[in-house]
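Asks: Could you put the whole structure together from the sequences, leaning on the hints where they help?
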Amino acid sequence: ESDLAGGRGVEVQQSASLSLAASALVGNRDVALFATGAGTTVTVADSLIASTLPQESDLANGIGVRAQKDASLSLAGSALVGNRNVALGAAGGGTTVTVVESLLAETLPQESDGAYGAGAISDYGAHLELIGSVVRESTTAAVLVTKANADLVGTLLEGVTEGRFHTYLCEEGGGCEILATYDGLADGLVVAFESTAIGRDTRIAGASRAALIFEASVGSLHGVEAAGGRFGLVLQHGASVDYADPSNAL
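In this note's numbering, the protein residues as written are 1 to 250.
Just to be clear, a hint being listed does not mean it is correct.
[To be verified] Here are the simulated lysine to aspartate or glutamate pairs, EDC-like style, with alpha carbons at most 16 angstroms apart:
#1 LYS69 to GLU11
#2 LYS147 to GLU194
#3 LYS147 to GLU225
[What the hints assert, rightly or not] Label-pair distances were calculated between CB atoms; the ranges are:
#4 VAL26 to ASP58: 19 to 25 angstroms
#5 GLY228 to CYS170: 34 to 40 angstroms
#6 GLY238 to GLY93: 19 to 25 angstroms
#7 GLU171 to SER247: 41 to 47 angstroms
#8 ALA22 to ASP242: 39 to 45 angstroms
Don't read these hints as lab results, they were simulated from the structure.
What you are looking at is a predicted structure, and each value in this text was computed from that prediction instead of being measured.
Every residue, glycine too, gets a C-beta built ideally from N, C-alpha and C.
Replies: So this is what it looks like as structure tokens:
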């Protein structure tokens, strides 16, 4: 409390395991549920994680769920609503996050700088799976994949309002410096910086700029529908995407 930092609801680390069911984490600060470290496993079912606030020290974060550094997390039949920065984040090689039949909704930008507000982010080698889930009313992007991997199966991405995101240079054990800021973004699925993403039987609607963007990344699309944006599928900087499946409507 003395430095006004933190305020997390639940933190799981050092190969610990947690099973959370029929629970609610509401109105915490920084991160409501945080999992970190190799061997750490978290299972969440039939729960609500909502209205996470930024830490008071710098007004950063407000994240619903974050897994990093080889942790494993599964989320089923749950709702992440009204969080900030990102509803659900996966970071670091070896980190795996699986989301099944869950709702990620009404995610707001980070209060400190107005950035992000994404439903889900997978970055720096993490693997994210969204199965039979809904990501609704996000800012900047519904799902953002940077230097990482993601699979979307039977999922709906719906409603993205305009926002911004940064790229960073981070030091081991130290702080991060913003290298670039990208404004005016409102996209469904963004796959960037040598990432891989696969979409199956997924609908992306109401992203005011592009439904899907692949930048210097690879992927495949099967039974993917894009509706309501200025662009369906955008390929940039050598992206390679298999979208020839006739069941796609891009």
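Asks: Holds or violated: 19 to 25 angstroms for the Cβ distance of VAL26 and ASP58?
Replies: 22 angstroms, holds
Asks: Decide if the proposed pair is consistent with the structure: LYS147 and GLU194, CA atoms, cutoff 16 angstroms inclusive.
Replies: Measuring from Cα to Cα gives roughly 5 angstroms; hence the hint holds.
Asks: May I ask you to test the hint 39 to 45 angstroms on the CB atoms belonging to ALA22 and ASP242?
Replies: Taking Cβ atoms as reference, ALA22 and ASP242 lie about 41 angstroms apart, which means the hint holds.
Asks: Is the hinted pair LYS147 and GLU225 satisfied, with a Cα-Cα distance of at most 16 angstroms?
Replies: 24 angstroms, violated
Asks: Take the C-alpha atoms of LYS69 and GLU11, compute the straight-line distance between them, and say whether it is at most 16 angstroms.
Replies: 14 angstroms, holds
Asks: Measuring from beta carbon to beta carbon, are GLU171 and SER247 in 41 to 47 angstroms?
Replies: 46 angstroms, holds
Asks: Could you check the hint for me, namely that GLY228 and CYS170 are 34 to 40 angstroms apart, CB to CB?
Replies: With a Cβ separation near 35 angstroms, GLY228 and CYS170 satisfy 34 to 40 angstroms, so the hint holds.
Asks: Does the Cβ distance between GLY238 and GLY93 fall inside 19 to 25 angstroms?
Replies: 23 angstroms, holds
Consistency note: the structure conflicts with earlier hint 3 alone.
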